[in-house]
Amino acid sequence: DTAVSQTPKYLVTQMGNDKSIKCEQNLGHDTMYWYKQDSKKFLKIMFSYNNKELIINETVPNRFSPKSPDKAHLNLHINSLELGDSAVYFCASSPAGTGSHNEQFFGPGTRLTVL
Amino acid sequence: AQSVAQPEDQVNVAEGNPLTVKCTYSVSGNPYLFWYVQYPNRGLQFLLKYITGDNLVKGSYGFEAEFNKSQTSFHLKKPSALVSDSALYFCAVRDRGSARQLTFGSGTQLTVLP
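The listed protein sequences derive, respectively, from chains A and B.
Reminder that position 43 of the first sequence reads as 35 in my numbering, one-by-one numbering, no gaps.
Reminder that position 18 of the second sequence reads as 13 in my numbering, one-by-one numbering, no gaps.
Keep in mind that the hints were calculated from the coordinates and are not lab data.
Among the clues, some could well be false.
[To be verified] Calculated pairs, DSBU-like style, for lysine-lysine (alpha carbon to alpha carbon, straight line, at most 30 Å):
(1) B:Lys64 with A:Lys33
(2) A:Lys36 with A:Lys11
(3) A:Lys14 with A:Lys28
(4) A:Lys32 with B:Lys72
(5) A:Lys63 with A:Lys44
(6) A:Lys14 with B:Lys44
(7) A:Lys14 with A:Lys33
(8) A:Lys1 with B:Lys44
(9) B:Lys44 with A:Lys28
(10) A:Lys36 with B:Lys17
(11) B:Lys17 with A:Lys63
(12) A:Lys14 with A:Lys32
(13) A:Lys1 with A:Lys59
(14) B:Lys44 with A:Lys44
(15) A:Lys14 with B:Lys17
(16) A:Lys32 with B:Lys44
(17) A:Lys1 with A:Lys32
(18) A:Lys11 with B:Lys17
(19) A:Lys14 with B:Lys72
(20) A:Lys1 with A:Lys63
(21) B:Lys17 with A:Lys33
(22) A:Lys11 with B:Lys72
(23) A:Lys36 with B:Lys53
(24) B:Lys44 with A:Lys36
(25) B:Lys64 with B:Lys44
(26) A:Lys59 with A:Lys11
(27) A:Lys11 with A:Lys33
(28) A:Lys44 with A:Lys11
(29) A:Lys36 with B:Lys64
(30) B:Lys72 with A:Lys44
(31) B:Lys53 with A:Lys14
(32) A:Lys33 with A:Lys59
(33) A:Lys44 with A:Lys59
(34) B:Lys64 with A:Lys63
(35) A:Lys63 with A:Lys11
(36) A:Lys1 with A:Lys44
(37) A:Lys1 with B:Lys64
(38) A:Lys63 with B:Lys44
Based on the provided sequences and hints, a complete structural model is requested.
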């Protein structure tokens, strides 16, 4: 019973390509997130969605576009991939809005390598 | 503004000994504080959190953390370390009065030596 799942687990692609990462949660949570973890393990939030609406968009290049077709899904599309986009991308969800004290549940991560 | 610092990149401890992973924070108001653990090639897992009330918070796998407002700290502790506790530990903070997102520390790699 996977709570937060991501596909694919690994993604290797060439510079300039466009790729998508999918995320699904079966916890019934209202809020979903995308995080980027760099090679030094530093974790930074990219986006936050609450009930399919964008709440937080941190300083992320507009090549990154999140899409939430419904409350259980939050996909990340990346255009014109660059070397610096290589990282591990984590999806997460939590049961209430962005200001809550509820913990977040993380997916297993997608390791993106741009060649 | 909110921030969190984990002053140690690496902590080594012998199995059976007590362990401490340090965390200090800075917020404008009162904090929500969290600890997460990341095992190799896995996502983060929630360990424990401080919301309000008792300063000593108990969490999963025998871990606990003490909220110290005067020292703005939330150190993670365990009385007796296991080799299986070896992982990357993240402290995180959110200002209670703000709609800001969770801010994570830089992580501390804990290695428990057999």
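These are the hints, each one checked on the structure:
1. B:Lys64 with A:Lys33: Roughly 28 Å between the alpha carbons, so the hint for lysine 64 of chain B and lysine 33 of chain A holds.
2. A:Lys36 with A:Lys11: 20 Å, holds
3. A:Lys14 with A:Lys28: Holds, at roughly 14 Å.
4. A:Lys32 with B:Lys72: 24 Å, holds
5. A:Lys63 with A:Lys44: 5 Å, holds
6. A:Lys14 with B:Lys44: Roughly 29 Å between the alpha carbons, so the hint for lysine 14 of chain A and lysine 44 of chain B holds.
7. A:Lys14 with A:Lys33: 21 Å, holds
8. A:Lys1 with B:Lys44: 29 Å, holds
9. B:Lys44 with A:Lys28: With Cα atoms ~22 Å apart, lysine 44 of chain B and lysine 28 of chain A stay inside 30 Å; holds.
10. A:Lys36 with B:Lys17: This hinted pair holds, its Cα atoms lying about 20 Å apart.
11. B:Lys17 with A:Lys63: Measuring from Cα to Cα gives roughly 36 Å; hence the hint is violated.
12. A:Lys14 with A:Lys32: With Cα atoms ~24 Å apart, lysine 14 of chain A and lysine 32 of chain A stay inside 30 Å; holds.
13. A:Lys1 with A:Lys59: 19 Å, holds
14. B:Lys44 with A:Lys44: Holds: lysine 44 of chain B and lysine 44 of chain A sit about 27 Å apart, inside 30 Å.
15. A:Lys14 with B:Lys17: 35 Å, violated
16. A:Lys32 with B:Lys44: 25 Å, holds
17. A:Lys1 with A:Lys32: The given pair, whose Cα atoms are some 19 Å apart, holds under the 30 Å limit.
18. A:Lys11 with B:Lys17: 38 Å, violated
19. A:Lys14 with B:Lys72: Roughly 36 Å separates the two Cα atoms, so the pair is violated.
20. A:Lys1 with A:Lys63: 22 Å, holds
21. B:Lys17 with A:Lys33: Satisfied, since the Cα-Cα distance of roughly 17 Å is no more than 30 Å.
22. A:Lys11 with B:Lys72: Cα-Cα ~41 Å, so violated.
23. A:Lys36 with B:Lys53: 26 Å, holds
24. B:Lys44 with A:Lys36: 19 Å, holds
25. B:Lys64 with B:Lys44: With Cα atoms ~15 Å apart, lysine 64 of chain B and lysine 44 of chain B stay inside 30 Å; holds.
26. A:Lys59 with A:Lys11: Distance ~13 Å between lysine 59 of chain A and lysine 11 of chain A Cα, so the pair holds.
27. A:Lys11 with A:Lys33: The given pair, whose Cα atoms are some 22 Å apart, holds under the 30 Å limit.
28. A:Lys44 with A:Lys11: 21 Å, holds
29. A:Lys36 with B:Lys64: Given pair lysine 36 of chain A, lysine 64 of chain B holds - Cα atoms ~25 Å apart, limit 30 Å.
30. B:Lys72 with A:Lys44: 38 Å, violated
31. B:Lys53 with A:Lys14: Violated. Lysine 53 of chain B to lysine 14 of chain A sits at ~34 Å, over the 30 Å cutoff.
32. A:Lys33 with A:Lys59: Between lysine 33 of chain A and lysine 59 of chain A the Cα gap is close to 25 Å, so the pair holds against 30 Å.
33. A:Lys44 with A:Lys59: Satisfied, since the Cα-Cα distance of roughly 8 Å is no more than 30 Å.
34. B:Lys64 with A:Lys63: 37 Å, violated
35. A:Lys63 with A:Lys11: 22 Å, holds
36. A:Lys1 with A:Lys44: 24 Å, holds
37. A:Lys1 with B:Lys64: 40 Å, violated
38. A:Lys63 with B:Lys44: Distance of about 25 Å is within 30 Å: holds.
The structure does not agree with the numbered hints 11, 15, 18, 19, 22, 30, 31, 34, 37 stated previously, though it agrees with the rest.
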